[in-house]
Amino acid sequence: MNRQTRSAAMWTCVLAGMALFTSAELVHTQTAQPAWMWSPPLTGPAPGEIQVLPVQGHVHVIVGAGANITVQAGPEGILMVDTGLGSMSDKVLAALKTISTRPLRYIVNTTEFEDHVGGNAPIADTGEIVPFREPNYTAGPQGALDITKASVISYYTLFHRLAGPTGKTPKIPELGWPDNTFSIPQKRLYFNDEPVVITHTPSNTDGNSIVLFRRSDVVSVGDLIDLTGYPMIDLAAGGSVNDMIESLNALIDVTVPAKNAAGGTMVVPGHGRIADHAEVVYYRDMITIIRDRVEDMIKKGMTLDQIRAARPTREWDRRYGRDTGPWTTAMFVEAVYQSLRQ
Amino acid sequence: MHRQSVVAWIAVAGCLCGAPAVAQVDIAGLWRPLPRNQDGSGLTGDMAGVPVSPEGRWRTQSWSPDNFDVAEWVCRPHAWDYSLEGPLSPIRFWPEIDQPTQKLIAYHGHINMMEQETSIWMDGRARPPANTPHTWSGFSTGEWEGDTLVVTTTHLKEAYIRRWGLMRSDRSVVRTRWRRIGSFLQATSILYDPVYLAEPYIRTTMMWVFDSAMPMNPYPCEEATETAVPRGSVPHFLPGRNPLPGLNPQVTDAFGTPYEPRLGGPETMYPEYIAKMKAFPRPKQVEAAGP
Chain A
119 MNRQTRSAAM WTCVLAGMAL FTSAELVHTQ TAQPAWMWSP PLTGPAPGEI
169 QVLPVQGHVH VIVGAGANIT VQAGPEGILM VDTGLGSMSD KVLAALKTIS
219 TRPLRYIVNT TEFEDHVGGN APIADTGEIV PFREPNYTAG PQGALDITKA
269 SVISYYTLFH RLAGPTGKTP KIPELGWPDN TFSIPQKRLY FNDEPVVITH
319 TPSNTDGNSI VLFRRSDVVS VGDLIDLTGY PMIDLAAGGS VNDMIESLNA
369 LIDVTVPAKN AAGGTMVVPG HGRIADHAEV VYYRDMITII RDRVEDMIKK
419 GMTLDQIRAA RPTREWDRRY GRDTGPWTTA MFVEAVYQSL RQ
Chain B
696 MHRQSVVAWI AVAGCLCGAP AVAQVDIAGL WRPLPRNQDG SGLTGDMAGV
746 PVSPEGRWRT QSWSPDNFDV AEWVCRPHAW DYSLEGPLSP IRFWPEIDQP
796 TQKLIAYHGH INMMEQETSI WMDGRARPPA NTPHTWSGFS TGEWEGDTLV
846 VTTTHLKEAY IRRWGLMRSD RSVVRTRWRR IGSFLQATSI LYDPVYLAEP
896 YIRTTMMWVF DSAMPMNPYP CEEATETAVP RGSVPHFLPG RNPLPGLNPQ
946 VTDAFGTPYE PRLGGPETMY PEYIAKMKAF PRPKQVEAAG P
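Just so you know, the protein sequences line up as chains A and B, in that order. Take the first sequence: its position 218, counting from 1, is numbered 336 in this note's numbering, and each next residue is one higher. Take the second sequence: its position 154, counting from 1, is numbered 849 in this note's numbering, and each next residue is one higher.
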């Protein structure tokens, strides 16, 4: 097993575990509640179940299928952002029918992580695309267009990693591979009477994207924001803490609060609750401060072990940190450290 | 007494005793805040009396006053629960009534500072799912305990307990007990935060007087476009380098508060701590009170 394959296998395990970890019934999972804490129960979907929540305009979110799935539906059909875990696809398809009975036309992948793309193949197979190029045109890199499935859109590096090198086992079945990639900063559609702006936002990997539904005023951001934990930074897939911060700043640029730093543009994170401008700014602040601290410690000549012991994440650990599981605080600090050393 | 009369009186008494608790008072109206101690000693960074957890203390220690000038935060309001204790807290409460039944559905509230609004749902509705949006005022339900309106608030955004970086998290739950005593309205709030507090934080100093002539001025805010903080920069102090006076062991306030209690924590809430405070050395340099 070469380094790249090992890395891919490790990340598959990490992300599948993470998806199970974050689909628990109660969202408040990071630390055990202290004895004095009092709270009425706040429920999410039970393990193995999903929940559909309206966001605003044409947009809903499906929670509990791995990563959050954003759904835009209207007269022209359905556009999904991410597809969740493959094991949840039947439930996701059933949930889609409660939102719209129109055909599934597009899937946009925000990141290559298993809990975002695992359902690509079974879900894309249920859709049908209105041809956006000559179906028999085979000269392009993606070959002929299969119009009997939904079209899968992603940044081109995400496609490369899902398909894998020639002769190697791809991450997901070919049916779920992106067939509609882009390599410039934005890909734009006009679908269901609104502009849909897909922007390349390198962060967790070099292939991340966010999707802005301009009339609904909703932006689906994938794991650029994970309100249940520290963000995964996959260095082997081109992830970078500095890119993440820049992409968070770019996200702030497109989230316009309605009044007093709240409401307005709504944000669907990769994991966790529906958010808005304020959560994006808090998250940006946190990642930036952690980056600045680790950078300062590196300049002082501290080793990774010394930096971990100094706990540069310390005031957020009770909220976002994990000591066990597939993505721990120690792994996050190491990713920030290695990212800054590159 | 005639036997039938006795039975009738018992029946009437039974009906009265068995009736569900209902409001004995009405909190609707315009309420002018009475002066109160808003920010402890006024020394920026003084956490005395607040049961902060180590995480809450660390969070405060990285805060920079330049945070006020970050364009994205210029319009961040005082969250509703902070507004009750903070300045600019004239309140208007008005009821929403279900006309056919004349039952109270909700009290809606508007507070002056950045026009924050709340709804206290009195109709027993369920809380929204955990993954729905959080707001500065949260989602509130109310129920009467005798003459006290007990309000439970969840779905809160992260916000400040004091404006200089002492934060409560988005996991916070606030219980507010409203009592109307004649022309006065009094609130006691209990803040539960498993992240930045080590015990519940209880605030009891909030009092308003009924004032039907009180003006409620608008408080609009537009996002700043001229600011000293460049786009993308996040002002903060690295650990151990915060110059705030409350975090400086060499200075004190007008009361001579020692440095140690200013680090806050559950112990500093209780009267017994006063005796312990007396044993700490008092810094000689007196710093002017903060904003």
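Hints listed in this document are in silico derivations from the structure and should not be mistaken for laboratory results. There may be inaccurate statements among the hints.
As the list claims (entries may be wrong) - To be clear about the criterion: a stretch of chain A counts as covered by chain B if any three or more of its residues have a C-beta under 8 Å from a C-beta of chain B, and this derived list gives those stretches:
# : stretch
1 : 168-182
2 : 222-230
3 : 237-250
4 : 349-357
5 : 376-389
6 : 408-415
7 : 446-453
In this text, a Cβ means the ideal position worked out from N, Cα and C, and glycines have one as well.
| request: Return the numbers of the hints above that this structure violates; sort them in rising order. | output: Violated hints: 2, 3, 4, 7; rest satisfied.
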